Amino acid sequence: MITTSSRFHADAALTWLLRLAGGAAVLVLGGIVAVLVIQSVPFLVEHGWALWGNDWQPGLGRYGMAAMVAGSVLVSMLALGIAGPVAVLLAAWLRYFAPTIRRPILILVELMAGIPSVVYGLWGMLVLVPWINQWAPPGASWLAASLVLALMILPLALLVTDTALGQLPGRYLQAGQALSLSRVGMLRRVLLPQAWPSIVSGLVLQFGRALGETMAVLMVAGNVVQWPASLFDPVRTLTANIALEMAYATGDHRIALFASGLLLLLVTAVLLILSWRVRGGEYEPG
Amino acid sequence: MWLQRWWLVLAVMLLAGCQPGADKLVITGSSTIAPLMADLAEQFETHRGIQVDVQSGGSGRGISDVRQGLADFGMVSRAPTSDEKDLDAHLIGRDGIAMIVHADNPVRALSDAQIVAIYTGALDNWSELGGKAGAITVVHKAEGRSTQELFLDHFGLSSDQVKPDLVIGENQQGIKAVAGDPNAIGYVSIGSAIYEADAGVPLRLLPLSGVPATLENVDQGRYPLSRELNLVSQGALSEVARQWLAFVTDPARAETYHDYYFLPVSR
Amino acid sequence: MSRADRIAGRLGAVLLLAVLVPMGLMLWSLLDQGGGLISPAFLLEDPRQAGRAGGIASLLVSTGGILMVCLVLAVPVGLGCALYLSEQVPAGSRRARWLGGVLDMLAAVPSIVYGLFGYQFFAIRLGLGFSILSGGLALALMVLPLMIRSAEQALRGVPLSYRQASQALSISRWGWVRRILVPQAAPGIAVGIILSMGRALAETAVLLFTAGYVLRQPDSLLDSGRALSVHIYDLAMNVPGGMPRAAATGLVLVAILVILNLAVRRWLRPAQGVWQ
Chain A
1 MITTSSRFHA DAALTWLLRL AGGAAVLVLG GIVAVLVIQS VPFLVEHGWA
51 LWGNDWQPGL GRYGMAAMVA GSVLVSMLAL GIAGPVAVLL AAWLRYFAPT
101 IRRPILILVE LMAGIPSVVY GLWGMLVLVP WINQWAPPGA SWLAASLVLA
151 LMILPLALLV TDTALGQLPG RYLQAGQALS LSRVGMLRRV LLPQAWPSIV
201 SGLVLQFGRA LGETMAVLMV AGNVVQWPAS LFDPVRTLTA NIALEMAYAT
251 GDHRIALFAS GLLLLLVTAV LLILSWRVRG GEYEPG
Chain B
1 MWLQRWWLVL AVMLLAGCQP GADKLVITGS STIAPLMADL AEQFETHRGI
51 QVDVQSGGSG RGISDVRQGL ADFGMVSRAP TSDEKDLDAH LIGRDGIAMI
101 VHADNPVRAL SDAQIVAIYT GALDNWSELG GKAGAITVVH KAEGRSTQEL
151 FLDHFGLSSD QVKPDLVIGE NQQGIKAVAG DPNAIGYVSI GSAIYEADAG
201 VPLRLLPLSG VPATLENVDQ GRYPLSRELN LVSQGALSEV ARQWLAFVTD
251 PARAETYHDY YFLPVSR
Chain C
1 MSRADRIAGR LGAVLLLAVL VPMGLMLWSL LDQGGGLISP AFLLEDPRQA
51 GRAGGIASLL VSTGGILMVC LVLAVPVGLG CALYLSEQVP AGSRRARWLG
101 GVLDMLAAVP SIVYGLFGYQ FFAIRLGLGF SILSGGLALA LMVLPLMIRS
151 AEQALRGVPL SYRQASQALS ISRWGWVRRI LVPQAAPGIA VGIILSMGRA
201 LAETAVLLFT AGYVLRQPDS LLDSGRALSV HIYDLAMNVP GGMPRAAATG
251 LVLVAILVIL NLAVRRWLRP AQGVWQ
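Protein chains in written order, with this note's numbering: chain A, 1 to 286; chain B, 1 to 267; chain C, 1 to 276.
Keep in mind that the hints were calculated from the coordinates and are not lab data.
Quantities reported herein were computed from a predicted structural model and do not represent experimental measurements.
Check the hints yourself; a few may be wrong.
[To be verified] Below are the SDA-like pairs computed for lysine to any residue, each with C-alpha atoms no more than 25 Å apart in a straight line:
id	chain 1	residue 1	chain 2	residue 2
1	B	Lys-132	B	Ser-111
2	B	Lys-163	B	Gln-220
3	B	Lys-163	B	Asp-104
4	B	Lys-163	B	Leu-237
5	B	Lys-163	A	His-253
6	B	Lys-163	A	Gln-167
7	B	Lys-24	C	Ala-186
8	B	Lys-163	A	Pro-137
9	B	Lys-163	A	Val-86
10	B	Lys-132	B	Val-107
11	B	Lys-132	B	Asp-104
12	B	Lys-24	C	Val-21
13	B	Lys-132	A	Pro-130
14	B	Lys-24	C	Gly-157
15	B	Lys-163	B	Glu-128
16	B	Lys-132	B	Ala-113
17	B	Lys-132	A	Gln-57
18	B	Lys-24	B	Ala-254
19	B	Lys-163	A	Ile-105
[What the hints assert, rightly or not] Pair by pair, the computed Cβ-Cβ distance ranges are:
id	chain 1	residue 1	chain 2	residue 2	range
20	A	Ile-273	B	Arg-48	49 to 59 Å
21	A	Leu-17	C	Ile-124	24 to 34 Å
22	C	Arg-3	A	Ile-101	47 to 57 Å
[Said to hold, decoys possible] Some chain A residues judged to face chain C by a derived CB distance under 7 Å, without partners named:
id	residue
23	Leu-18
24	Ala-25
25	Val-26
26	Leu-29
27	Glu-110
28	Met-112
29	Val-119
30	Leu-151
31	Leu-191
32	Thr-214
33	Gly-261
Glycine included, C-beta positions come from ideal geometry on N, C-alpha and C.
Using the sequences and the accompanying hints, generate a full structural model.
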């Protein structure tokens, strides 16, 4: 039997414990930002606006990061541009056109979601890049990176979309059938628009994964610091840059890489805020 | 219940980890040397029962880890620079840097001037060099690698003059890039290149200034683009550290160096 | 069935092939290069010659250690945070929006930033060095948002009627959480744990900076130990002649992840929609 007072103690302790755990999430983010800021402030004060150049020559003290920010964003955008529509169309197709094979296919897709990104990168480097190279050298390029990332984020993008479609009330379907809309028409006019907010929020998370991916991109993007003039030009992303140079960097160069970590965080934050706007501002759990 | 047991396991493992590990060496640095060191470390452990931790990550990291006291030795795949007077360098071996092209590339040799022209973008098609027409894919190493620094230094280039088509991190990435692109040219450690070419990977090592890229030529000092492989340390060496240095420079280890296509300093 | 529907039906099939074929090719190339090496000995032997010979036994131990540290931190904190969100923060309130925003940010932080943070904070500031502990802790931070979100979803999925019933019986909140809420949500929470494990196992960049590169069997959590994913990367990118064993290690890792995913499937039904 629990007495009232001990119950009160247990509950109060629980409340505090949970607050602590909730605070932990904030603390982690704060800690990461703090470490990055502390590491990079002296550098930012000194170099400041020079970061917005395109000229990354750490050996010569030139730390322009704009081209790499562009690289990160362009590679991830194209990846999402490929994987997003494919995921949405496939999820809709599986649910409304081929329900019999939906389960087995989803199982397969779940398995694909488990493949580590290094494996995607290896495949990209050994198969995809030489293949693109035959048509448009050098092969390692914006396109190659985006294709590998698209393949990498596609499984989860598809699963998220499937979940979003699954949460639609069945009456939409019935109403559509009553109006004898074609399935394509129903999808276009009713189902997809209804599921859109949750589809978008799922896709944004995948965009974040693409933006943050390091190893797979490093292996296929070509890593030349430049604004790509075409899909077949190599690019370097911020993440690849950190992974390529961190172990070799000393002094200002090293701090510049920490600063680029901070920049990456900022880019992520901006994109998230934009996505909240797209979703209509309201945060919904899940 | 299960959670409590986990904590217990964690606590036990932590305590086990807190035992003083005086007889342990930490070696960090050059990714070129790291596989060789890992192999030697394994042998040292079996022979002497002393643990040696090898961490990869580049010559620069080796130097900074030694300075910060994180490592006993730093692996540095070049000669120490004037900024590194505070460190003691122990020469353990030699390596060269080879220019590599795809095995199907008919071009058999390039002059230094041609290589400079290719890397600065002045020459961008193999047809201008007597090869099959095709845009040259210039493979360059990422900033901070000692291979890259030596390459630039040898050809008198500054890093912003180079117009690469592909920037790579590790040797193997360079080899895979060149093997996968008939129009590529790159430069990697001679050891890795010979190893892979012998294993049937389609790539060829070009002679440099007319000297074929072989280990013998590096050994006899004829090959122009060779480098030192060093272990650097700071301050007085411990007994274990001295044993380790003696071990890795012992002529009995020469076989291991050859396995990785490096030249041991001792013969 | 309208014409548009017929065309859409075929288009979908083509699309499906366009996705499945590259995936199949990818696995096939792994099998082609590394399949022949897979044997019990490969799993039970330690690597030799920097990984060019021998197996991956010590790496399995290191990977297991890293995973354990990761879960020991991420599961209790993640569950606590999820309970806080589901129990003490009214959905849609300002605080829920803020916390949700922070979680979204954390989920979107590129893994390499966790690597930088782990290196600077755990390895250097806390003096843990390159160790399984540093690696596991950094990974824990990385998987925390995923863990929190899946657990929160599972907790919110417990029917309101249970809560009302427990309130009617005047069960304490602690009792409600411990005896009813968490057990009811357990399958969903388990899904979160397994997903987090999958994410952690697949990670390379973070571990490169924290757990390190050492091939030996670790003696304690303060030893450096190489994870499977790091091994794949190093063998493929840095060790001459490492490719076959890189592919074989890749196959083992994929197999482990597939088994974990199958485990998720077993638990999935009660808690749909935790994919992040």
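Tested hints:
no.	hint	verdict
1	B:Lys-132 x B:Ser-111	holds (18 Å)
2	B:Lys-163 x B:Gln-220	violated (33 Å)
3	B:Lys-163 x B:Asp-104	holds (24 Å)
4	B:Lys-163 x B:Leu-237	violated (44 Å)
5	B:Lys-163 x A:His-253	holds (21 Å)
6	B:Lys-163 x A:Gln-167	violated (52 Å)
7	B:Lys-24 x C:Ala-186	violated (44 Å)
8	B:Lys-163 x A:Pro-137	holds (15 Å)
9	B:Lys-163 x A:Val-86	violated (36 Å)
10	B:Lys-132 x B:Val-107	holds (9 Å)
11	B:Lys-132 x B:Asp-104	holds (10 Å)
12	B:Lys-24 x C:Val-21	violated (49 Å)
13	B:Lys-132 x A:Pro-130	holds (18 Å)
14	B:Lys-24 x C:Gly-157	violated (52 Å)
15	B:Lys-163 x B:Glu-128	holds (18 Å)
16	B:Lys-132 x B:Ala-113	holds (20 Å)
17	B:Lys-132 x A:Gln-57	violated (33 Å)
18	B:Lys-24 x B:Ala-254	holds (24 Å)
19	B:Lys-163 x A:Ile-105	violated (46 Å)
20	A:Ile-273 x B:Arg-48: 49 to 59 Å	holds (58 Å)
21	A:Leu-17 x C:Ile-124: 24 to 34 Å	holds (30 Å)
22	C:Arg-3 x A:Ile-101: 47 to 57 Å	violated (22 Å)
23	Leu-18	holds (4 Å)
24	Ala-25	holds (5 Å)
25	Val-26	holds (5 Å)
26	Leu-29	holds (5 Å)
27	Glu-110	holds (5 Å)
28	Met-112	holds (5 Å)
29	Val-119	holds (5 Å)
30	Leu-151	holds (6 Å)
31	Leu-191	violated (13 Å)
32	Thr-214	holds (4 Å)
33	Gly-261	holds (5 Å)
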